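Visitor: Sequence:
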Amino acid sequence: MSSPYQASLQQHYAPAQLIEHLRETLIAEGLNPEQLTPDDTAAIDQLHLGGRHASRQLAQWGDIQQEQQVLDIGCGPGGASRLLAAELGCQVIGVDLTPRFIEMAQWLNKATGLDDKVSCLTADACQLPLADQSVDVIWSQHTLMNIENQPRLMHEIRRVCKPQGRLLLHEIVQGDNPEPLLLPVPWAREPAHSHLMTLDTLSTQLEAHHWQINAIEDISENALQWRQKHLERESRGQPTILTPQLIFGPDFTSMTHNLIHNLQSDRIRIIALHAQLGEA
Numbered sequence: 001m002s003s004p005y006q007a008s009l010q011q012h013y014a015p016a017q018l019i020e021h022l023r024e025t026l027i028a029e030g031l032n033p034e035q036l037t038p039d040d041t042a043a044i045d046q047l048h049l050g051g052r053h054a055s056r057q058l059a060q061w062g063d064i065q066q067e068q069q070v071l072d073i074g075c076g077p078g079g080a081s082r083l084l085a086a087e088l089g090c091q092v093i094g095v096d097l098t099p100r101f102i103e104m105a106q107w108l109n110k111a112t113g114l115d116d117k118v119s120c121l122t123a124d125a126c127q128l129p130l131a132d133q134s135v136d137v138i139w140s141q142h143t144l145m146n147i148e149n150q151p152r153l154m155h156e157i158r159r160v161c162k163p164q165g166r167l168l169l170h171e172i173v174q175g176d177n178p179e180p181l182l183l184p185v186p187w188a189r190e191p192a193h194s195h196l197m198t199l200d201t202l203s204t205q206l207e208a209h210h211w212q213i214n215a216i217e218d219i220s221e222n223a224l225q226w227r228q229k230h231l232e233r234e235s236r237g238q239p240t241i242l243t244p245q246l247i248f249g250p251d252f253t254s255m256t257h258n259l260i261h262n263l264q265s266d267r268i269r270i271i272a273l274h275a276q277l278g279e280a
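The sequence shown: position 41 = 41 (full-length UniProt numbering), numbered continuously.
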């Protein structure tokens, strides 16, 4: 049973009639909802900054191999999971707290013919339904900022990862500006939904759970330019109906502007991190 916090988070990310609305929108775009490609749905299933390009860069950085088992924490609609399976051939397990996201992911896995490589489960990342030492790679994009019990999450990802396994993060962290976030943003309409860590805190927690950090890259400027470019394109071109607004609702425009302001004012930063699990 979901806690009050989890229930409010589920409502934030997945409004009622999400699947029905998406199916209608795909049909309006001339697509068959039961026969799709990952390209068809990239605008609505890659909800992180940088889209598919950021996912591909993270995968290349982590040198993910075909025979590896990847765990996608906070997989949402499963876009990154399907990208990894389609382009690298690996097996992916996606977990997300939001049942409607998992329903959407399972539908798109089947519609894209990737349901033999991608399985998505409704689960709490702090209580993973996976065996000890069962995955090779832990993958997370824009997830940690919604996790209340981050030390527990660190324990869980260490538990399920194989010895010498890898961790690949593409995350939002707190910047040096202590002023409160401008809200709403894509991950939070209210302060209670946002649990940003500083990069120092994130690194300390990872090291305390025996992760050896190999590299950290601040990609805030790239993320800002990507979001600004998309905003300009949306404002001057013929608007498409297949956008994240289908998921986030009418607040999405405000979320986008606030996200840009939060990045520009160093309230938040975007980082990529690569670590390897050491010995306990």
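I should point out that these hints are in silico values taken from the structure, not numbers from a laboratory.
Among the hints, erroneous ones may be present.
[What the hints assert, rightly or not] Derived lysine-lysine pairs resembling DSBU-like cross-links, with alpha carbons at most 35 Å apart:
1) LYS117 with LYS229
2) LYS110 with LYS229
3) LYS162 with LYS110
4) LYS117 with LYS162
[To be verified] What follows is a list of derived Cβ distance ranges for each label pair:
5) GLN69 with GLU279: 37 to 43 Å
6) GLU279 with ARG152: 39 to 45 Å
7) GLN69 with PRO151: 33 to 39 Å
All values reported here derive from a predicted model rather than from experimental measurement.
We put the beta carbon where it would ideally sit given N, CA and C, even for glycine.
Visitor: Tell me if the straight-line CA distance from LYS162 to LYS110 falls inside 35 Å.
Guide: 28 Å, holds
Visitor: Check the following: the C-beta atoms of GLN69 and PRO151 are separated by a distance inside 33 to 39 Å.
Guide: 25 Å, violated
Visitor: LYS117 and LYS162 were given as a pair; does the straight-line alpha-carbon distance stay at or below 35 Å?
Guide: OK: LYS117 and LYS162 at ~20 Å, within 35 Å.
Visitor: Within a Cα-Cα threshold of 35 Å, do LYS110 and LYS229 meet the stated pairing?
Guide: 32 Å, holds
Visitor: Just to be sure I understand the hint, the distance between the Cβ atoms of GLU279 and ARG152 should be within 39 to 45 Å; is that true here?
Guide: At 22 Å between Cβs, range violated.
Visitor: For the hint 37 to 43 Å, verify it against the beta carbon of GLN69 and that of GLU279.
Guide: 21 Å, violated
Visitor: Against the 35 Å threshold, does the CA-CA distance of LYS117 and LYS229 hold or violate the hint?
Guide: 33 Å, holds
Taken one by one, the earlier hints fail for this structure at numbers 5, 6 and 7, listed in ascending order.
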